[in-house]
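Chains as they are written, first to last, in the working numbering: chain W, 1 to 353; chain P, 1 to 248; chain L, 1 to 502.
Since the hints were made in silico from the structure, they are not lab data.
Note that beta-carbon positions come from the ideal geometry of N, C-alpha and C, so glycine has one too.
There may be inaccurate statements among the hints.
To be verified - Only some residues are given here: those of chain L computed to face chain P with a beta carbon under 10 Å:
1. Ser209
2. Gly224
3. Ser274
4. Arg415
5. Thr419
Said to hold, decoys possible - Here are the simulated BS3-like pairs of lysine-lysine, each with C-alpha atoms no more than 27 Å apart in a straight line:
6. Lys94(L) - Lys243(P)
7. Lys243(P) - Lys422(L)
8. Lys129(W) - Lys67(W)
9. Lys94(L) - Lys292(L)
10. Lys129(W) - Lys498(L)
11. Lys422(L) - Lys36(L)
12. Lys146(L) - Lys305(L)
13. Lys129(W) - Lys96(W)
14. Lys130(P) - Lys195(P)
15. Lys106(W) - Lys76(W)
16. Lys159(P) - Lys187(P)
17. Lys498(L) - Lys422(L)
18. Lys367(L) - Lys129(W)
19. Lys267(W) - Lys305(L)
20. Lys187(P) - Lys243(P)
21. Lys94(L) - Lys194(P)
22. Lys259(L) - Lys367(L)
23. Lys187(P) - Lys130(P)
24. Lys146(L) - Lys267(W)
25. Lys36(L) - Lys130(P)
26. Lys243(P) - Lys146(L)
27. Lys129(W) - Lys76(W)
28. Lys159(P) - Lys130(P)
Said to hold, decoys possible - Per the computed footprint, the stretches of chain W lying under chain L, defined by three or more beta-carbons under 8 Å from a beta-carbon of chain L, are:
29. 36 to 44
30. 193 to 207
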Amino acid sequence: MIYMCGIIGVIDRSRQRMDGTGIRAALSRMDERGSGEGAGYAAYGAFPDLCDYYALHIFFDNPHETKPLVIEELSKWGTIEHQEEIPTFEQPGVRKVHIPWRFFFKPDPRLMPRSTTPEDDIVMYLVMKVNTSIPGALVYASGKNVAVFKASGWPEEVADFYRIQDYQGYLWIGHNRYPTNTPGWWGGAHPFNLLNWSVVHNGEITSYGTNRRYIESYGYRCTMYTDTEVVAYLFDLLIRRHGLSIETAVTALAPPFWDEIDRMPSKQQEIVRAIRLAYGPALMNGPFAIVVANHDSMVGFTDRIKLRPLVSGEHGNRLYISSEEAAIRTMEPGIEQVTMPRAGEPVIGRFLQ
Amino acid sequence: MAEIVRIDAEGMHYTPLNQAIRAAVAAGAAEITIDHVMGQRFIADGLRGSVEITINGVPGGDLGMFMSGPTCIVHGNCEHAPGNTMDAGKIIIHGSAGDAVAHSMRGGIIFVRDDVGYRAGIHMKQYEEKRPVLVIGGSARAFLGEYMAGGLILILGRKAAAPQLDRGLGSGIHGGKIIVRGNVDEKHLGVGAKKRELSHEERGEITPLIEEFSHHFGLDPLQFRDERYYVIAPASARPFAGKYTWEV
Amino acid sequence: MSIGSVPLRYRISVDHDQCMLCERCIESCPYGVFRKEGERIHVNSRVCVACHRCIAMCPRDAITLKERPVDYRSHPLWTPGVREAIYNQARSGKIILSGMGNALDYPVIFDRLVLDACQVTNPSIDPLREPMELRTYLGKKPSRLKFRERSGDTVLETTLSPNLMLETPIMIGHMSYGAISLNAQQSLARAVTRCGTFMGTGEGGLHESLYPYQDHMIVQVASGRFGVDINYLERGAAIEIKIGQGAKPGIGGHLPGEKVCADVSCTRMIPEGSDAISPAPHHDIYSIEDLKQLVRSLKEATEWKKPVFVKIAAVHNSAAIVAGIARSSADAVVIDGFRGGTGAAPRVFRDHVGIPIEAAIASVDAKLRSQGIRNEVSLIASGGIRESADIAKAIALGADAVYIGTAALVAMGCRVCGTCYKGLCPWGIATQRPDLVARLDPDTASANVANLIDAWTLELAELMGAAGINSIESLRGNRDRLRGYLLDERIMQVLDVKSVGA
């Protein structure tokens, strides 16, 4: 369940794309935080030519056996524009236990007439459906124009396994894993992704049972045997489906203490109290530092008593968030000031325009 | 605010209707007339004061529930449980009413011109000066005055020689009494209820009730005056005491 | 007398070497166990109920009590209790009334559940140094919030329903004035006020000496509607409709006339000495839509300012029943398990009807979540809550808060002798006899009850801290932090907990 891990994220607000070299070096700088049993990256803006299609990333145990089942399921809900095995390159430290594949998929919105976001809801349904009913197939990413690379190994090995230097993105997040549960399982590596949400997480969510049961009553199914996936689902629920702002969502997940709320001016007090009442089951307890990304922004925050490290720095149009300053400076030596966000308060980087 | 207020309840939910009533009372209205009432429940629920509310139409269930003082005059039939747990005041129904009329009523008075449904007057109770009264002009269905713990039910059966009654009359009654015009068939008596003739004092007690009943509905009180009445009263103040033994 | 007398239930003996003839035992015992003849205390053990008042008052520890000093031939099926019930009913032909909660030896699920603690992978939190939040809001919660931006300002569009704010998730359940004494109610009222929590009035009205504590009192509306008028409803912090109770699901209540003294008669609004009979059902509720009608009539009467709770006994189909209640505009549902206490209940109901609170809470919480309406109501667990661990487990299974009853009485001296129905409680709790009531000093008793709530609150904070949780909402429904120990697989499925080691 637990990762004493290293996390990092970078966003270029002007949507200038970066290749994966920098984040590979930064994450490797934090190898002391990992154990060589899992690492991963997500790149936003990686598939500009297919950016209108959902990029469903799937680990197959045996594609001959399970790929037809997945295709059958997808075909019921839309059309597959393109599919390919994700190119990989043998590395000494990475044993290829799954065959990663990606489908570029367009759902038919008419098939979910009652939804206000039918395409997203179809894809979410398919992710839950495949992951709970087709053994040997695991959908580990499902966003548009988002590439996810993860496997069991050290960060530099996983980067080289996928050759992430060949991909370009205007927002990257990465994770270096120290597992205690499901070591070596590729599905357990971060980032976790659902639709356009990707999450990297350091720590443990002691409220997982509460959060899981909350999110499951909204149709999400936790299939990754780990606490981090609930973060992606919570962000999807609060921001996409409930229409909350990022700031409000983070207030719900890591709210101020009641004694602080009691001292707030009355209007603010009313809002924060309502957030705690409505979203109490979404509150995340335990030690964590998290970076969450989507196509609009990147946000980093910690638990409300700051049990895990998190720092951020800026340079030009780029915002960096990481467990360690060294990782940030490895990526961008020109950074002038590194700051530490307050517990529970988000650091948000948004794209310009 | 005028002394007399008119509310058109056409298509109105009961919450805004009650808010309008409360606002009128707060502004000093003495009379409120509500037109086009059609199924709105809880009219005058928990209302205090002495306002007189005329209701034109069919009010929904629990008319005057917890009401403490006002008068409700209904030109139409009532649904179930008008006067539920009513504390004080008056309800005058120019028509009939459904089941459980005057349920747990604690004080005040209800006049029903015509018939009532099942379990009218169930668990009415009295305390000190508060003694609820239910006057029924027509007939009543089964379990009239069930569990009755206090107060008075007077049933007149005005369109016949006696009201039509049914089983369970005064079943479990342990306080108060039911006064019935005309004869009462023994087979209709409930558990713990016993029947006896009306005493002279009791005749004196019902006379003003008959007068007021007749006045409200434009009837001749003489038709009820020299009739024979029976009283249904508790056989014991503790009807169920014999059912139990202690463990030690 | 063909059956003859049954053996003594208790034998009292006095150590005459220790006894100093102070006669405190004689003063203490309202049942008449003790008398002084010459220079010696004599006893009549047959009338003893094991209330321990004499033992607690004896300055020399000279009194001993032995339960069942006379053996029956042992038999696993024909227990002494079963045999004596038969003797009783063979003589009387009546229903046996008994006191306190379920007296059969069913397994206690709470005692087969263990809690979690942090080791290495996450830190436990020290509640002495770090913030630890037990504040609990009871009532309807919006399923989502809507905001509007107005000239750069964020405005909340969603209207919140009224909620009760508790500083700790421990409340005191409904025990009416009549069932317990006014001193007992005052003690409880002062304790909940001090602790920032709430208590129930029971179906006995609200005595005017409790008006100063009314903001911490939940007024009950039960089938007898005793003491209910608009003033009563408006005084309460919340209103609770009692449908049933765990000690006697499906049947009504009965306060015998002899307990209806002048004051009790006044709060119940019935004549002195008359029986107060609460019918089995509410006669304006014969179906779920009628419940909605009563809930809404109470809300209309109080202008939608008060949360309305509905209390039911835990029975087989609780989950579906609560799902119906959640649609009625009710703000909270109290589920009273089959171990719930009472002053008097038919023995056959007390011991055989209803289900354990642990299973009821688990299945209700799961059902509400599966229907997406868990936020519509808060869940209050009651019936057999004995210690802080039970509370932590009930909350982890899905409860928002608990009601305690018997435990609060024990904090005032009750020895769980189970003879409340005699009306002679020597501790001044379940009695209306003025000399006995006077034994309960509200200053001391309220402090004792408040101490108990404080102590359990501290323990809850420690348990949460050890589990790495600093806010009670993260414990609520967090069944991952429970494990079943020697529970059968089917019950673990119902509770949705894993086994120890899994």
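Which numbered hints turn out to be false for this structure?
Numbers 1, 4, 9, 17, 22, 23, 25, 26, 28 and 29 - these are the hints that the structure violates, sorted from lowest upward.
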